[in-house]
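> These protein sequences, in sequence, are chains A and B. Residue numbering for the first sequence follows the working numbering, starting at 1 and increasing by one per position. Residue numbering for the second sequence follows the working numbering, starting at 146 and increasing by one per position.
Because the hints were derived from the structure by calculation, they are not lab data. The reader is advised that the hints may include incorrect statements.
To be verified - If you anchor each label on the Cβ, the simulated ranges turn out as follows: (1) B:Gln201 - A:Asp39: 27 to 37 Å; (2) B:Gly169 - A:Leu60: 15 to 25 Å; (3) A:His75 - B:His263: 20 to 30 Å; (4) A:Pro119 - B:Pro264: 44 to 54 Å; (5) A:Glu102 - B:Asn182: 29 to 39 Å; (6) A:Lys58 - B:Trp225: 14 to 24 Å; (7) A:Asp121 - B:Pro264: 21 to 31 Å; (8) A:Leu60 - B:Gly262: 23 to 33 Å; (9) A:Ala113 - B:Thr242: 44 to 54 Å.
As the list claims (entries may be wrong) - Computed list of lysine-lysine pairs in DSBU-like fashion (alpha-carbon distance at most 35 Å, straight line): (10) A:Lys2 - B:Lys147; (11) B:Lys203 - B:Lys256; (12) B:Lys256 - A:Lys2; (13) B:Lys147 - B:Lys203; (14) B:Lys203 - A:Lys58; (15) B:Lys203 - A:Lys2; (16) B:Lys147 - A:Lys111; (17) A:Lys2 - A:Lys111; (18) B:Lys203 - A:Lys111; (19) B:Lys256 - A:Lys58; (20) B:Lys147 - B:Lys256; (21) A:Lys58 - A:Lys111; (22) A:Lys58 - A:Lys2.
Computed from a predicted model, the values in this text were never measured in an experiment. The beta carbon of each residue, even a glycine, is placed where N, CA and C say it ideally should be.
2 protein chains.
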Amino acid sequence: MKRPQLLQHLASSRVARLATVDAGGRPHIVPLVFAVNDDADRIYSAVDYKPKRTHQLKRLDNIAVNPAVALLVDHYDDDWSRLWWVRVDGTAAVIDTGPQWERAIAALAAKYAQYRGHPPDGSAIVVTIDRISGWAADEPSARES
Amino acid sequence: MKRPQLLQHLASSRVARLATVDAGGRPHIVPLVFAVNDDADRIYSAVDYKPKRTHQLKRLDNIAVNPAVALLVDHYDDDWSRLWWVRVDGTAAVIDTGPQWERAIAALAAKYAQYRGHPPDGSAIVVTIDRISGWAADEPSARES
Numbered sequence: 001m002k003r004p005q006l007l008q009h010l011a012s013s014r015v016a017r018l019a020t021v022d023a024g025g026r027p028h029i030v031p032l033v034f035a036v037n038d039d040a041d042r043i044y045s046a047v048d049y050k051p052k053r054t055h056q057l058k059r060l061d062n063i064a065v066n067p068a069v070a071l072l073v074d075h076y077d078d079d080w081s082r083l084w085w086v087r088v089d090g091t092a093a094v095i096d097t098g099p100q101w102e103r104a105i106a107a108l109a110a111k112y113a114q115y116r117g118h119p120p121d122g123s124a125i126v127v128t129i130d131r132i133s134g135w136a137a138d139e140p141s142a143r144e145s
Numbered sequence: 146m147k148r149p150q151l152l153q154h155l156a157s158s159r160v161a162r163l164a165t166v167d168a169g170g171r172p173h174i175v176p177l178v179f180a181v182n183d184d185a186d187r188i189y190s191a192v193d194y195k196p197k198r199t200h201q202l203k204r205l206d207n208i209a210v211n212p213a214v215a216l217l218v219d220h221y222d223d224d225w226s227r228l229w230w231v232r233v234d235g236t237a238a239v240i241d242t243g244p245q246w247e248r249a250i251a252a253l254a255a256k257y258a259q260y261r262g263h264p265p266d267g268s269a270i271v272v273t274i275d276r277i278s279g280w281a282a283d284e285p286s287a288r289e290s
């Protein structure tokens, strides 16, 4: 897949999985909803609503000690000729206020009707896309990584 | 969710995502098919078929330098009250021959008809389950991590 198709798959997926690494070098992984910005160089996610603020989320702790993250979207099908995935290697920051936080929340509300009228008010995770790669089973040149 | 339900969600999922960490502390994430052993203390995955052996897969490189892995299954639904995920924190080993390799391949072929008659012949990844945790949106005590 070339970059436009990778980005199309990424932006149209409803859920991604975010991998982070803790101070001891252990990986952590969690699913999340996300949005890609118009310039296709950043990915936004957010922590929902205040009750969850009462404990610090592991993903936020990890990003504080190691901003390197990986984010994956994939398509599973029992017809394995239809499998594909797209991975972003990126650098994450946790943003709590300001224009970038507002852009993140607006992008998420634009993508997910579930957020409209009840937008997340916790921290935003902003991932700068360093590299985007992918694999599709139906491409002859497909190579897993 | 309690352990039996976590294991049921895990074992019945068709695809998981595996997070590993490279020597530089960067996370890597890839989707894979997998099977849980009968004792529910190990997860098997395998590298398909010889053509892919011609280059070393990043996930195998990472496990060689850092055996700590995380594996996630999740359910996405636009009805967010139906979301759930299950995560395994584990320790991975790469196995190329012997009884454990054979058990891994047999477990995968038992779960996936796609493997029958054409079982994978590459390395098996065997993850020892150190911890299993999860979250479901419809549980009052649900807490994300």
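> Taking each numbered hint in turn, which are not upheld by the structure, reported in ascending numerical order?
5, 7, 8 and 10
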